[in-house]
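If you read the protein sequences in the order shown, they are chains G and P. All you need for this note's numbering is the position in the first sequence, starting with 1, plus 1378. All you need for this note's numbering is the position in the second sequence, starting with 1, plus 1378.
In short, the hints are calculated from the structure, not lab data. Treat the numbers as computed from the prediction; the structure is a model and nothing was measured. Check each hint, because a few of them may be wrong.
Said to hold, decoys possible - Distance condition first, Cα-Cα at most 20 Å in a straight line; then the derived EDC-like pairs of lysine to aspartate or glutamate:
| # | chain 1 | residue 1 | chain 2 | residue 2 |
| --- | --- | --- | --- | --- |
| 1 | P | 2034 | G | 1495 |
| 2 | P | 2049 | P | 2016 |
| 3 | G | 1989 | P | 2016 |
| 4 | G | 1706 | G | 1696 |
| 5 | G | 1738 | G | 1714 |
| 6 | G | 2049 | G | 2025 |
| 7 | P | 1899 | G | 2025 |
| 8 | P | 2038 | G | 1495 |
| 9 | G | 1981 | P | 2025 |
| 10 | G | 1397 | G | 1678 |
| 11 | P | 1997 | G | 2025 |
| 12 | G | 2049 | G | 2007 |
| 13 | G | 1939 | G | 1960 |
| 14 | P | 2038 | G | 1484 |
| 15 | P | 1981 | G | 2016 |
| 16 | G | 1981 | P | 2016 |
| 17 | G | 1997 | P | 2016 |
| 18 | P | 2034 | G | 1476 |
Number of protein chains: 2
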Amino acid sequence: MPESPPLALQPPSAELSAKIANTIRFLSADGVQKANSGHPGLPMGSAEIATVLMTRFLRIDPKDDKWLNRDRFVLSAGHASMLLYSMLYLQGFLTLEDLKNFRQLDSRTPGHPEHGDTPGVEATTGPLGAGFAMAAGMALAERMLAEAYNTPKFDIVDHYTYVLMGDGCHMEGVTNEAASLAGHLKLGRLIAIYDDNGISIEGNTDLAFTENVGMRYEALGWQVQDIDGHDCEAIARAIENAQAETSRPSLIVAHTTIGKGAPHKQGTHGVHGEPLGAEELAAAKAGMGWPAEDFHVPQDVLDYFDVRRGEWMAIRNEWNDLFAAYEKKHRSTARELLRVASGELPKQWKKACPEYAPGKAIATRVSGGEIMNKLGGVIPELAGGSADLAPSTKTEIKTGQYPDFVAPGAFLGRNIHFGVREHAMGWMTDGMALHGGFIPFCATFMVFHDYMRPSVRLAALMRLRSIFVYTHDSIYVGEDGPTHEPIEHLASLRAIPRVQVWRPCDANEAIYAWQSAIERKDGPTCLAMTRQNLMTLDREKYAPARDALKGMYVIDPEGEKTAEILIVATGSEVHLALAVADALRGQGRGVRVVSAPCLEAFKLQAEGYRKKVFPKRLKKRLVIEAGVEQGWEGTLGESGLFVGMDDFGYSGPAAKVAGKCGFAVPAILEKIAQAAW
Amino acid sequence: MPESPPLALQPPSAELSAKIANTIRFLSADGVQKANSGHPGLPMGSAEIATVLMTRFLRIDPKDDKWLNRDRFVLSAGHASMLLYSMLYLQGFLTLEDLKNFRQLDSRTPGHPEHGDTPGVEATTGPLGAGFAMAAGMALAERMLAEAYNTPKFDIVDHYTYVLMGDGCHMEGVTNEAASLAGHLKLGRLIAIYDDNGISIEGNTDLAFTENVGMRYEALGWQVQDIDGHDCEAIARAIENAQAETSRPSLIVAHTTIGKGAPHKQGTHGVHGEPLGAEELAAAKAGMGWPAEDFHVPQDVLDYFDVRRGEWMAIRNEWNDLFAAYEKKHRSTARELLRVASGELPKQWKKACPEYAPGKAIATRVSGGEIMNKLGGVIPELAGGSADLAPSTKTEIKTGQYPDFVAPGAFLGRNIHFGVREHAMGWMTDGMALHGGFIPFCATFMVFHDYMRPSVRLAALMRLRSIFVYTHDSIYVGEDGPTHEPIEHLASLRAIPRVQVWRPCDANEAIYAWQSAIERKDGPTCLAMTRQNLMTLDREKYAPARDALKGMYVIDPEGEKTAEILIVATGSEVHLALAVADALRGQGRGVRVVSAPCLEAFKLQAEGYRKKVFPKRLKKRLVIEAGVEQGWEGTLGESGLFVGMDDFGYSGPAAKVAGKCGFAVPAILEKIAQAAW
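Using the sequences and the accompanying hints, generate a full structural model.
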């Protein structure tokens, strides 16, 4: 692919570069010192790397941190946040006042970079490895968008994704997952700079980390370079080489001195995670000929970035011109690109959804896959993949328009083979959401949510539109046994703030679960889907499936007038609830059945509606869910009964496992009888 | 270290080896076929590997699967469980009837290997990478025990740890974490055999996995060999080479054909995870000259294993003799080894615990570290480490007896630098518990539990005595902000069956939390410890700290007679509860305060006690915990008030963050006033 040349930029003189580096170095150290909390070591050691990136490579719009084609820079070593804040100050996104408020409540400079709280912060980082893996997702999104929307003369999307990482990132397994996949996919525009300072919290990294990182990355299909991380020219050459290598991602191993400049503490773990102290900081400044005043920024550095911001604006304007010409030539494509980048959905998208006729038994993983495909047909930005379980999770979008799957170096496709790498899959999904242009999904068995939990948590914290499809959602997995049977997972997912967890009871509820996931813009959605077949309910007899959007609803109007027992169930257990209700009615009891596909959606309903579904007078409440009780106590009240799991599951045919666990009409009737309801 | 030579074993003839391999191959295929569920591909492809391991290397006691010095064999690719069951049948631990009951409810042959359900199964596996990382923990435990208890003439502990893994294991990041640490530590007795069959669920592995695995392992400090995995002599030579390499762990890349022998399906993903089908299975048997009957075992194979079991018994007897001589010479050391291997605690161990005088403020991470050190002084089997956070988690045991830390190739020590590898740390902790001889602990910040969750889940499933120390347990982390502040973690930990979660309110409750963790034999314990200082309560004024063992207890006897409001709190929030109670009493209200360090321990108390703590008449219940409400609704009842977190935390000084989140006496009094209590 031809590349548009960057606007010619004169690199700053060696002297000015050193000054900029020291500005970053001491702004960072001052920020940590003033907060009396934070990590000065990595910022001081990586100041030259940040300088070279900003002065010679990074293409951004200093007035628009949302520009689609900006280079992405992710600080994977999130604890070094003052480095990023110092950079964002020089770029123009933050003020000196912001830096002085580092780590203060409600400031724009929190302890770790928080996407959304601070302009220019591409991703929330801190949990190690996360930033690297999200950057891999951004780099993948960039190529997928480029191949879908660029035309021979118009490289509308052609930016780089840079990531700065430390030793800790390399030790985290998820980094290897993401690096392995990035190498496989040939993400040539992903450039990782490894601040190799030889120090971690417990001491020298060789206490626990003596592997040959460079050799490992070569084995993973990366270009690897070794440089002096304090030599600006070496850094620049390495980044140029990395850009020139278009078919492999690049790792630049930059040997640095942690806390560079601190005369007594540099090169030790004493400088990693605590302020230098007034004396050491003063000595560092004196030793490097730096003025003693706090938060000092030399005038020529300020002047330089004034000019640099002009260059950045010119870069942006040049792109605007390119886009205008592109829009002229490819009107509908350009409009679609703008739409997908904006996060707005196409008109009429909901009409694509199928409707399921009653009476057919179909697993929600299967109906979910069908729904996803219908939606995928009209929502081109819906893209994702599975952790080597697509034949089981049923999450392939087949459009027939072009190759279904993204392949190494060939990114036209909607599906990604993530391999058995749940954790990297989760982060890369988040990275795609952060990049923009996609509504990303990923899929695995629900029990393996545990492998990727940090990525779901941060999707929630960042309010990303990531969709996590979790199939095989209960002990009805059967033969695979307890290691594959989620028990506590619905509860543990619901415990994460801002997550919505959907567990549809049939194919038609699955439609609304998917619609909600697609529509939701302020947080991630988890879809819990069954392995086993579920009867599609007759919505003439039962309440309309679209009531599912309210989170909980009375599904079975029969016996409403005389209702004295209220049964609540989710997903596959709704069918059991309906059968129990029928049996109880046979005994002359009045029963209400509530389907509860999404507890979080229900909480958002008006109080009046919620009280209508759960009137105080209905105190005999039975909850059936093939998971732990935790989270249901409030619904149950003081006299409720819970039918669920209080221990791990078993291996055996699903029906037998379910029977052993008490999911059967007679056992439940017996339980009700014992309670003397 | 000198090695005791194995008893001379005559390898079976090439013809007999092939027969044994086919026995394993077709027992596995028959088992899957009969269950109509399971994974025949890997067992059929790895039959020669299993044969060579069993006939030439594995040193076990076929009558005692608990023998301390047995070789450990872990099937990390747990889905290939029929391979392991076929092996255990030939070893004598299972019957043919067991194999015929594969994947049936309550059988000894569940879908994935379940430690505890099946004799000879060293670890529950299925979640990929887990077995490999647990094996690394076993290999570490072996060396740590060996260096602590062996003497120049007595190699009491000197076994190997073998692990069989597939492509999926290699893709999981945790495998890289464990491999990196195993290479660093020079675990020369860890021998991993990689069944490299080129097939995963979605198709050929090259869809997602094209890295150079061998080169990666070399970079991690491993010996790497490449062999034909169907050539018994090549397998044997490779294992010999691996044993000869004493300072590096070994990876044997064994190229195999998945489903080897199935004429139409071998080498394809169609044979990975479903039965061959009657026709294909019959054709496979015919093609390999194998009798058509199900579960056929040739007489000469049976005869061979009769002899082999005799050899195994001789190996065990030889060790028994060695141990008898060792016991004679090193009486107390031998007794201690037997004791630590049995899991029994030393007498009087509880006396080692300190008692904390009231009035001093000390974080529970600090008091916890002190308690751990006192206990470590009398419980030599207490060993573990942190994921590069020991200076913060305060979890170093310093005895002064020998080097504090295990180092590469030098395993005398109590502490392990796990590096920033939470997930491998959790699994290796489990592996140490499985191996025996240790009560292992590991530590990190509570929020990073998310990185290692699968290892905690399986510790619970296996009922292991693993201890997980989680410090920095709430928003009181402060400046590090929401990525480092656990919100949903207490709930998500409590949701896992069989886990006990302790959150002590002061140094003296921390003693009993630790005692409970040490004493508990049927499941893992998580210890939630504060970053911030907590006042040591005056137990003259308040109830004795040992009441903590009941899980929940009335801590403040003042105002008991007139109590109309009941406040429950855990950990640091107990102090806030006591302050709120004092303020309410100032308003003339009677208040009961309950400290709730362990909800699970409370559930185990007699109903009478539970009702006494929470009498029905006390309906005005206030729960204070710096976490989500989930799990507390039952305690709250219909009219309770919850003071906790319903969203993520903030970055700022801890007191300010706590104030913003409502953890302050005035805010809580206001809430109570609003409720018109």
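Here is what the structure says about each hint:
1. Between the alpha carbons of residue 2034/P and residue 1495/G the distance comes to roughly 18 Å, so the proposed pair stays at or under 20 Å and holds.
2. Between the alpha carbons of residue 2049/P and residue 2016/P the distance comes to roughly 16 Å, so the proposed pair stays at or under 20 Å and holds.
3. Using a Cα cut-off of 20 Å, the hinted pair residue 1989/G and residue 2016/P holds, with the two alpha carbons roughly 13 Å apart.
4. For the hint linking residue 1706/G to residue 1696/G, the alpha-carbon distance of about 16 Å falls within 20 Å, and the restraint holds.
5. Pair hint residue 1738/G plus residue 1714/G does not hold up; C-alpha atoms about 37 Å apart against a cutoff of 20 Å.
6. For the proposed pair residue 2049/G and residue 2025/G, the alpha carbon gap of about 18 Å is at most 20 Å, so the pair holds.
7. For the suggested pair residue 1899/P and residue 2025/G, the alpha carbons sit about 17 Å apart, so the restraint of at most 20 Å is met.
8. With a C-alpha separation of about 17 Å, the suggested pairing of residue 2038/P with residue 1495/G holds against the 20 Å cut-off.
9. Distance restraint check for residue 1981/G and residue 2025/P: the Cα-Cα separation of roughly 14 Å lies within the 20 Å cut-off, and the hinted pair is therefore satisfied.
10. Proximity of residue 1397/G to residue 1678/G is assessed by CA-CA distance (about 9 Å); at most 20 Å being required, the pair is judged to hold.
11. For the given pair, residue 1997/P sits about 30 Å from residue 2025/G by alpha-carbon distance, which is inconsistent with the 20 Å threshold.
12. For the hint pairing residue 2049/G with residue 2007/G, the CA-to-CA distance comes to about 16 Å; that is within 20 Å, so the pair holds.
13. The straight-line distance between the Cα atoms of residue 1939/G and residue 1960/G is roughly 15 Å, inside the 20 Å bound, and the hint therefore holds.
14. Of the pairs offered as hints, the one joining residue 2038/P and residue 1484/G holds, with about 10 Å between alpha carbons and a cut-off of 20 Å not exceeded.
15. For the suggested pair residue 1981/P and residue 2016/G, the alpha carbons sit about 16 Å apart, so the restraint of at most 20 Å is met.
16. Only pairs whose Cα atoms come within 20 Å are accepted, and residue 1981/G paired with residue 2016/P is accepted, the gap being roughly 16 Å.
17. The suggested pairing of residue 1997/G with residue 2016/P holds, with an alpha-carbon distance near 11 Å, which does not exceed 20 Å.
18. Simply put, residue 2034/P and residue 1476/G have alpha-carbon atoms about 18 Å apart, close enough for the 20 Å limit, and the pair holds.
When each numbered hint is compared with the structure, violations occur for hints 5, 11.
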